[in-house]
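Basically my numbering = 1-based index in the sequence shown + 86.
No lab work stands behind these hints, which were simulated from the structure alone. Don't take every hint at face value.
[Unchecked claim] Here are the simulated DSS-like cross-link-like pairs (lysine-lysine), alpha carbons at most 27 Å apart as the crow flies: (1) K488 with K116; (2) K488 with K365; (3) K149 with K105; (4) K116 with K440; (5) K92 with K106; (6) K188 with K459; (7) K128 with K91; (8) K204 with K278; (9) K244 with K151; (10) K173 with K488; (11) K133 with K188; (12) K498 with K440; (13) K410 with K151; (14) K151 with K188; (15) K244 with K226; (16) K374 with K101; (17) K410 with K459; (18) K151 with K498; (19) K440 with K151; (20) K128 with K226; (21) K488 with K106; (22) K114 with K149; (23) K164 with K154; (24) K105 with K410; (25) K106 with K410; (26) K106 with K459; (27) K466 with K154.
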Amino acid sequence: MATEKKSPNQELQEKLSVKKESAWLLLKDKVNDIYDFAEEYKQFIGKNKTERLCVRSMVEMLKQKNYKDIQTVSKLLKGDAVYKNIKGKSLIACKIGSDPTKIRIIGAHIDSPRLDLKPYPLYEDAEVALLKSHYYGGIKKYQWVNIPLAIHGVAFAKDGHCVEIHIGENHDEPRFIIPDLLPHLAKDQMKKTGENIIEGEELNILFAHIPIDDKEIKEKIKLNVLQYLYNTYGLVEEDFIAADIELVPAMQPVDIGIDRGLIAAYGQDDKACAYTAWKAIVDADNCKDTVIMYLADREEIGSMGDTGAESFVFIHFMREYIRKTGITATWDELLEGALSISADVTGALDPTFKNVNDPNNVSYLGHGVSIEKYGGRGGKYSTSEAHAEYMQFLRSLADKHKIPWQTGEQGKIDMGGGGTIAMFMSRYGMDCVDVGPCMLGMHSPYEVTSKVDIYCTYLIYKAFFED
């Protein structure tokens, strides 16, 4: 049967209008690759829920790919691959190109919203021992009650020895929980706004229940806990002030949907971009420019601090890079001429809450990687906006490599917004744009992404390094 001829206006519409197509259909011959990539990704984020665990795993994986600690090498030549571990909380990896004066950078962050312990967290009340927490990053506090939690962190004993604490990820280990008020007695609680239905000071974690057998001791359960911590880890109560201990959801990544096209997992903001950036740099071959992966800490609380993107650690790395490559350029000259991607996630259109988005300017699950010209809030505050020339470069890069992509904004103009490390990268004068997958339930204990969007993110990062 002959194909019906398109009318002139149909042809004109096809030529001039934006086509919004599912990446699943555009990459239908890559479905097996997409699913295989998703399995590797799920394994990584399931095992590395904190920034310390993420850096440790990344370093081990880099070593397996023949990357060396930059402090152990005296000279950098074309093809050399090095890394810098920044206090176990941030990481830079670098592969030297044929022209070391030209730099391409992908920067992501590896911290995620969570619960941290207060300096003195342990107390006893109502026949249980609890831990007082201080939430980290932007969360809906009510989402963190009545879910299983795991503990990860490090603590230092008075004699200076460091111990690691990891409890709650294995099936034979206990979990922890913050109990909510029963609905039968929640009349007053239910009158509160969502922001206050659970207060910050109510995020108290059930930690233990059995008392020590001694009538002379007032806080019997607390003492039993302290005895356990001392016998197991050599820690006393004061050692909590010399500790970084985080509580994260104990759930593992899972497939969502009868077709297994989606992933639900904790910490996909922003380990979805951190993992794909790592995969891209180790897979990139024959790079003309030097390529750098920068994984920062503390983005969720403003990027401040010695391991955040606001610090000078990246400048310090560039100074070392210049010394060991022997080039004559200064670090500011190199960074001003660099090309960069701020690798971060964005919000997807939620079919239940469509009113918070402009449907013509929002990312959709399954439509490929999102390239966003700017983020921020309101009148483009707290953001970096990519210039038209750089948007053209990224658009052309994606089209050249047949990588499905889309664009949008994170919500209606006055609805809210959010920032990335793009404004801290672009302050050096380099071109920068936000590129990453979209997701549902951002900052919740179980964020949702599309497997094809994760795969497209990897593809564009790799093309950015290689092209």
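Structure-based check of all given hints:
1. K488 with K116: holds, 12 Å
2. K488 with K365: This hinted pair holds, its Cα atoms lying about 19 Å apart.
3. K149 with K105: Cα-Cα ~43 Å, so violated.
4. K116 with K440: violated, 31 Å
5. K92 with K106: Holds, at about 20 Å.
6. K188 with K459: Holds. K188 to K459 sits at ~23 Å (cutoff 27 Å).
7. K128 with K91: violated, 46 Å
8. K204 with K278: holds, 25 Å
9. K244 with K151: violated, 38 Å
10. K173 with K488: violated, 39 Å
11. K133 with K188: Between K133 and K188 the Cα gap is close to 35 Å, so the pair fails against 27 Å, i.e. violated.
12. K498 with K440: holds, 10 Å
13. K410 with K151: At roughly 21 Å apart (the allowed maximum being 27 Å), K151 and K410 satisfy the hint.
14. K151 with K188: OK: K151 and K188 at ~23 Å, within 27 Å.
15. K244 with K226: Cα-Cα ~36 Å, so violated.
16. K374 with K101: violated, 35 Å
17. K410 with K459: violated, 35 Å
18. K151 with K498: violated, 43 Å
19. K440 with K151: violated, 44 Å
20. K128 with K226: Answer holds: K128 to K226 is near 24 Å, not above 27 Å.
21. K488 with K106: holds, 14 Å
22. K114 with K149: violated, 34 Å
23. K164 with K154: holds, 14 Å
24. K105 with K410: Violated, because 48 Å separates the two Cα atoms, which is more than 27 Å.
25. K106 with K410: With Cα atoms ~47 Å apart, K106 and K410 exceed 27 Å; violated.
26. K106 with K459: holds, 18 Å
27. K466 with K154: violated, 40 Å
Comparing the model with each earlier hint shows violations of hints 3, 4, 7, 9, 10, 11, 15, 16, 17, 18, 19, 22, 24, 25 and 27; every other hint is respected.
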